[in-house]
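In case you want the letters, here they are:
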Amino acid sequence: MSLTNEIIQSKLVEKFGDAVVNVEQPYGFFSFEVPKDLNLKVMQFLYDEPSLQFRFLTDLCAVHFPDNIGRELAVVYHLHNLNQNFRIRMKVFTSIDQPDVFTATRLFSSANWMERETYDFYGVNFVGHPNLKRILNVDEMDYFPMRKEFPLEDQTRIDKDDEMFGRG
Amino acid sequence: MSDIVQQPSHHVKLPDGSIEKQTTTLNLGPTHPATHGVFQNILEVDGERIISAEQTVGYIHRAFEKLAERRPLYQVTPLTDRLNYCSSPINNMGWHLTCEKLLGVTTPKRVDYLRVIIMELARISDHLICNSIVGVDTGAFTGFLYVMQYRELIYEIYEEICGSRLTTNIGRIGGFERNFTNAAFEKLERFLREYPGVLKEFESLFQRNRIFMERTMGSGAISADRALNYGFTGPNLRATGVDYDVRVHSPYSSYEDFDFNIPVGTTGDNYDRWLVRNQEMWQSLQIIEQAYRKVQEFKGADADVYHADVPEYYLPEKQDVYTKMEALIWHFKIIMGEIDMPKGEVYHSVEGGNGELGFYLISDGGRTPYRLHFRRPCFIYYQAFSEISQGAMLSDAIITLSSLNLIAGEMDA
Chain A
8 MSLTNEIIQS
18 KLVEKFGDAV
28 VNVEQPYGFF
38 SFEVPKDLNL
48 KVMQFLYDEP
58 SLQFRFLTDL
68 CAVHFPDNIG
78 RELAVVYHLH
88 NLNQNFRIRM
98 KVFTSIDQPD
108 VFTATRLFSS
118 ANWMERETYD
128 FYGVNFVGHP
138 NLKRILNVDE
148 MDYFPMRKEF
158 PLEDQTRIDK
168 DDEMFGRG
Chain B
4 MSDIVQQPSH
14 HVKLPDGSIE
24 KQTTTLNLGP
34 THPATHGVFQ
44 NILEVDGERI
54 ISAEQTVGYI
64 HRAFEKLAER
74 RPLYQVTPLT
84 DRLNYCSSPI
94 NNMGWHLTCE
104 KLLGVTTPKR
114 VDYLRVIIME
124 LARISDHLIC
134 NSIVGVDTGA
144 FTGFLYVMQY
154 RELIYEIYEE
164 ICGSRLTTNI
174 GRIGGFERNF
184 TNAAFEKLER
194 FLREYPGVLK
204 EFESLFQRNR
214 IFMERTMGSG
224 AISADRALNY
234 GFTGPNLRAT
244 GVDYDVRVHS
254 PYSSYEDFDF
264 NIPVGTTGDN
274 YDRWLVRNQE
284 MWQSLQIIEQ
294 AYRKVQEFKG
304 ADADVYHADV
314 PEYYLPEKQD
324 VYTKMEALIW
334 HFKIIMGEID
344 MPKGEVYHSV
354 EGGNGELGFY
364 LISDGGRTPY
374 RLHFRRPCFI
384 YYQAFSEISQ
394 GAMLSDAIIT
404 LSSLNLIAGE
414 MDA
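First to last, the sequence lines map onto chains A and B.
Its first residue numbered 8, the first sequence is counted upward by one per residue in this note's numbering.
Its first residue numbered 4, the second sequence is counted upward by one per residue in this note's numbering.
Note that these hints are calculated values from the structure, not bench results.
Please note: incorrect hints may appear among the correct ones.
To be verified - Here are the simulated BS3-like pairs of lysine-lysine, each with C-alpha atoms no more than 25 angstroms apart in a straight line: (1) Lys98/A with Lys104/B; (2) Lys336/B with Lys104/B; (3) Lys18/A with Lys48/A; (4) Lys190/B with Lys297/B; (5) Lys321/B with Lys336/B; (6) Lys346/B with Lys98/A; (7) Lys98/A with Lys18/A; (8) Lys155/A with Lys98/A; (9) Lys112/B with Lys190/B; (10) Lys22/A with Lys48/A; (11) Lys336/B with Lys346/B; (12) Lys346/B with Lys155/A; (13) Lys69/B with Lys140/A; (14) Lys140/A with Lys98/A; (15) Lys155/A with Lys69/B; (16) Lys69/B with Lys98/A; (17) Lys69/B with Lys104/B; (18) Lys112/B with Lys302/B.
Take these sequences, add in the hints, and give me the full structure.
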């Protein structure tokens, strides 16, 4: 039986009930959100469940939404079932004051550096990570440069303001 | 042995009664010729045997993802060039395919085939460098020197098409900047005529060479399970026996129209990785030949199609900009980055020279990406280096490093 978005959704809802929210299918890509405390449980379920078997972590990164009070940081996981060639996207949201998310390193070795990178740029604190330190930036840095409060360019410039780039 | 491996301390604990031995900490790189770029390995060695290894990256961080948040889509192309610079056309195409997915642009068949030709040429040049460098690291310089002129020929083909050689910036959203010239096709024909013979000779230089086999077989091996857990893709994964290839499993750019195999290995060691890359070059040649034949089938006006009709994203001809109002307006709007994108969230991946190269793009309806994340295969592989070099000899670790085809540009984006 080949996987479809509906099957995955029904399996997830059957197991986790109302915890699975914001189910979307942008460009046909099945995407959903779970509470951050459940991220490991859901991932383990997606890994173990014989009909799902999402055993390949393709990508892990974070996104910052400063206007989303209480859930400013999103951690995005792209998982892949290689047997059936099916991809899904899982998101967890966390507040920026207490950005604790459980690490996926026990399940996927590949998560190690990707989580370090995410920590480096967004400050997501991956609880239980074996070696959570900066990876691309210098160790002395005391801020997280990919957050939106650190704009790329000198804000006193008037020839290239945000309005010109559709963010006025 | 396992006890020794788990002891990161400076002194290795040996059974009682043995003579005390000390290990040495060795900094391999950065900027050491054998480290292929700017990554550092801090090795704990006992004689020449590696007991533990810790890798560091982050010497060339260029903040691509941050830069992309202030650029309109087409201006991101030069950033992607600099990821895996051994096969930058693949990165460019992957990026444009991502944009096209977000914007809902469909490209004409001829564009798809031309893209396939360019991407496969890039794959050949990528594998050719990697395999010949593995040869150099085992002590054989001839292969490297000999095949280099064919990488030059590939670069000349790029040059005919877009004017540059290494960081190509080839292609645009919807197609190419200009049509392929006759000179480009002539060079392509020359490549297709001469390269199989060269590749055959390159193969016979190494494949059954006693020294090469003994240096590479059994070293740097990784099992299929561990490789999957580490997020391996591309030739490094296929060498372990898993036949996952993005071109076949999620075809893009009309790859479904071509007939080719996915070469796989069995043991996942350095030798198998070399074999898989070599086999892939043969497959790429086959794809290019098929694609070139298909391109030749377009006659008359169809033979001049080299981009999709998307004035919002594709720069008009310079001649039109000077003479037509409509073209002038689009030109201005594109250059000033005044085109709003649709809201959306896209993940698109292509089979890069070294594995699955993915682009995760979030658009909030503005003019620049809200968030752009590159899934860089090399960054993900390199974590495994510590595990697969443990217990190996120092000289094997250097071959492993090159046979994983780690490109510094992809290490820190």
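Holds or violated: Lys112/B with Lys190/B, Cα cutoff 25 angstroms? OK: Lys112/B and Lys190/B at ~22 angstroms, within 25 angstroms.
Taking 25 angstroms as the top limit, are the C-alpha atoms of Lys98/A and Lys18/A close enough? 17 angstroms, holds
Holds or violated: Lys336/B with Lys346/B, Cα cutoff 25 angstroms? 19 angstroms, holds
Compare the distance between the alpha carbons of Lys98/A and Lys104/B with 25 angstroms, and conclude whether the hinted pair is satisfied. OK: Lys98/A and Lys104/B at ~21 angstroms, within 25 angstroms.
For the pair supplied as a hint, Lys346/B and Lys98/A, is the alpha-carbon distance within the 25 angstroms limit? Holds - the C-alpha atoms of Lys98/A and Lys346/B are around 18 angstroms apart, at most 25 angstroms.
Between Lys18/A and Lys48/A, is the straight-line Cα distance small enough, at 25 angstroms or below? At roughly 14 angstroms apart (the allowed maximum being 25 angstroms), Lys48/A and Lys18/A satisfy the hint.
Between Lys69/B and Lys140/A, does the CA-CA distance stay at or below 25 angstroms? Holds, because 20 angstroms separates the two Cα atoms, which is no more than 25 angstroms.
Tell me if the straight-line CA distance from Lys69/B to Lys98/A falls inside 25 angstroms. 21 angstroms, holds
Holds or violated: Lys155/A and Lys98/A, Cα atoms, limit 25 angstroms. Holds - the C-alpha atoms of Lys98/A and Lys155/A are around 19 angstroms apart, at most 25 angstroms.
Agreement of Lys112/B and Lys302/B with the hint, judged by alpha carbon distance not exceeding 25 angstroms: 13 angstroms, holds
Straight-line Cα separation of Lys69/B and Lys104/B no greater than 25 angstroms? Judged against 25 angstroms, a Cα distance of about 22 angstroms means the pair holds.
Holds or violated: Lys140/A and Lys98/A, Cα atoms, limit 25 angstroms. Between Lys140/A and Lys98/A the Cα gap is close to 23 angstroms, so the pair holds against 25 angstroms.
Violated hints: none; the structure is consistent with every hint.
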